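Protein chains: 2
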Amino acid sequence: MLVQKYKNMLSGKSVIRELSEFATARGQEIGYENVFDYSLGNPSVPVPQEFTDACIQMLSEMGTNALHGYSPSLGITSVREAVAASLEQRFGLPYRKEHIFMAVGAAGALAHAFRLVTEPGDEILTFAPYFPEYGPYVNLTGAVLKVVPPDTDNFQIHFEKFEEMLTEKVMAVLINTPNNPSGVVYSAETLQRLADTLRRKSQEYGHTIYLISDEPYREIVFEGVDAPCVSAFYDDTVMCYSFSKSLSIPGERIGYVAVNPNCKDAETMVNMCGQISRGIGHNCPPSMIQLAVAKVLDKTADLGVYETNMKLIYKELTDLGFTCVKPGGTFYIFPKALEEDAKEFCRKALQYDLVLVPGDTFGAPGYFRMAYCIDTEKVERSLAALRRFVKENYYSE
Amino acid sequence: MLVQKYKNMLSGKSVIRELSEFATARGQEIGYENVFDYSLGNPSVPVPQEFTDACIQMLSEMGTNALHGYSPSLGITSVREAVAASLEQRFGLPYRKEHIFMAVGAAGALAHAFRLVTEPGDEILTFAPYFPEYGPYVNLTGAVLKVVPPDTDNFQIHFEKFEEMLTEKVMAVLINTPNNPSGVVYSAETLQRLADTLRRKSQEYGHTIYLISDEPYREIVFEGVDAPCVSAFYDDTVMCYSFSKSLSIPGERIGYVAVNPNCKDAETMVNMCGQISRGIGHNCPPSMIQLAVAKVLDKTADLGVYETNMKLIYKELTDLGFTCVKPGGTFYIFPKALEEDAKEFCRKALQYDLVLVPGDTFGAPGYFRMAYCIDTEKVERSLAALRRFVKENYYSE
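Chain order of the listed sequences is V and D. Numbering-wise, the working numbering comes out as the position in the first sequence, counting from 1, plus 1258. Numbering-wise, the working numbering comes out as the position in the second sequence, counting from 1, plus 1258.
Honestly, the hints are just simulated from the structure, not real lab data. As the structure is a prediction and not an experimental result, all values here were calculated from the model. By construction, the Cβ of each residue, glycine as well, lies at the ideal position given by its N, Cα and C atoms. No incorrect hints appear here.
Only pairs whose alpha carbons sit at most 30 Å apart, straight line, appear in this in silico DSBU-like list of lysine-lysine:
no.	chain 1	residue 1	chain 2	residue 2
1	D	K1601	D	K1263
2	D	K1265	V	K1404
3	D	K1271	D	K1606
4	D	K1522	V	K1263
5	V	K1459	D	K1263
6	D	K1427	V	K1265
7	V	K1601	V	K1271
8	D	K1265	V	K1427
9	V	K1404	V	K1459
10	D	K1271	V	K1522
To spell it out: a stretch of chain V is covered by chain D in this simulated footprint if at least three of its residues, at any positions, have a beta carbon under 8 Å from a beta carbon of chain D; those stretches are:
no.	region
11	1323–1332
12	1355–1366
13	1528–1539
Working from the sequences, and respecting the hints, build out all of it.
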């Protein structure tokens, strides 16, 4: 018999996917360049030439069995060493290869992190607004994701509600900074208070509450914004990283788990990841891509376009009277809708070929997300549509 | 708290890995070319030039966002179409893209197949001798792997024991033909009887018993051997394929699930794979590698060396008096040891720098595996060591 829980999931449609399908269909009618599709967080800037060159060079010069052969289950040793050295130089923590597990993208890294520290029935807390895939990612392991309501003033952490929900059943707290969908970067003050809370509660409950830090947007931080290293605040941090956004290679599924060197079980945890892999069919990330990213660890795609887009959109939104926390990074912005029901707001926007995603999906009803990883020229053209949409629907009141 | 089941696994050492580590260490003493390392099933023939050329061409000519962008969660549509067309042409079953789910290697494909049809506590049967990773692959899902003892006459299926173990709790039967470790290919007669048994028992129990067919060695079949298409015998077959061996690219983690088009739930099952992925952190295989294999679906590496090696070894073994089923494919052979305890036999062989793996690991004590995916020249040199080992230890009796 087919397993019902997966079969049941087929009837639930993703809002983001439905919107994206609308955008594609509408694009076939009026030309996709005329659809202002802010639905998908799909990196749009070119991959750095150094990455392409590294691949071509290895394909041309390396022995094919060395290039495409099995990777050890924790990742290729030289790649783990290179990642550790880069993290140490960048963040000042004594990372060694023993703290690094190469994983297939952030989703793969998270799949290992959750299984390291939770048994079925245990709870993981995250903070709204949050990436909706965290739901199936956690719940399909048998653990339970619970979502702390947002602090809508600034999309930092609502600590009162957090403390209420931080019961003895919670084995891990999952954060994402810079954040999808808010674009907000957690401040040093937020991270310090989070760490203090976790230490106090870990002691009170007699078990470590791990901090799982999902950091795929770490390299997309805007001018003047301080983006502190999460691991520096809390020893029991499991960092999950993906190169998808920094190198614009989301299809290549490459990232890593980096356990804080100051975590007393760090090396055991990395070795455990190798065992977890056997149960979920990973084994190792693609070898050629592992070797290629190791050659460009300190490079990024030209990410400046995202900041340019953010500034244009943020100015227009605030000029039009939206309440909006200014993003510190990523390629997302998360303004308050102009009516209570953000789904209705986004439905109306479609008539102006503006594809926006209601915040309900992210645990923050009444808000909406714009993913501005699109050409600046298109952003500019979209602003007239946005003005028209707002004026025709909300200014006559 | 760290999850104990994974932590406990760290103390269990893989016999194959220990042997392989011995071989590496011994190689540092006497030169690796003098260690006759038959321990690892690691493809040794070069990758086809067409694969390398396809990668370089795409890297040089395609837009980087198209090449490295997100793949749909079931796989890139054009790749699924190409795989389906190739399977249809090859096996005469009406495969369409709706029957194909692209997966990260056979391990990834199996991780999806097991979750499609088993809940925790359900049983999956496999047949000794078997690939030992099936144990953690299945058991870590919560299902239970049970192993039907071998038919040592020919390493086909021991049907009497199979029927005894095929209880109502069994939801799937897992086979691997051509087989690791025996090298044996299941005959049409075996597959027909297996299919008949599954149909009869499915009806008796009132639930479908699925056949999961792990086929990474499908392209390595020796001259004159008939390797029937498993799916042609049984509608409810889930084929799991990997390009690791056919293209010599095990590190690139690329394969697929192909559900038999005649299975009534085939399309639902493929869609369910996309949901299962979310729970185990897969999402999609590397995009560049998906696109590259689609361009070389009907190519293989030059696999003839494996047959050359097999013939040399098989002749020597039979000349020396070993009982040995002749392999029909793969790069493995699985002879009977010359003493009851194959572990002791393999331990003695190490003194001759022959690295053999005891059959206990594969559910067939008293036998041993040789993985002859090594240079023919080394195979030839190893035969003198094998002769010396046998004569000095077993001929004096």
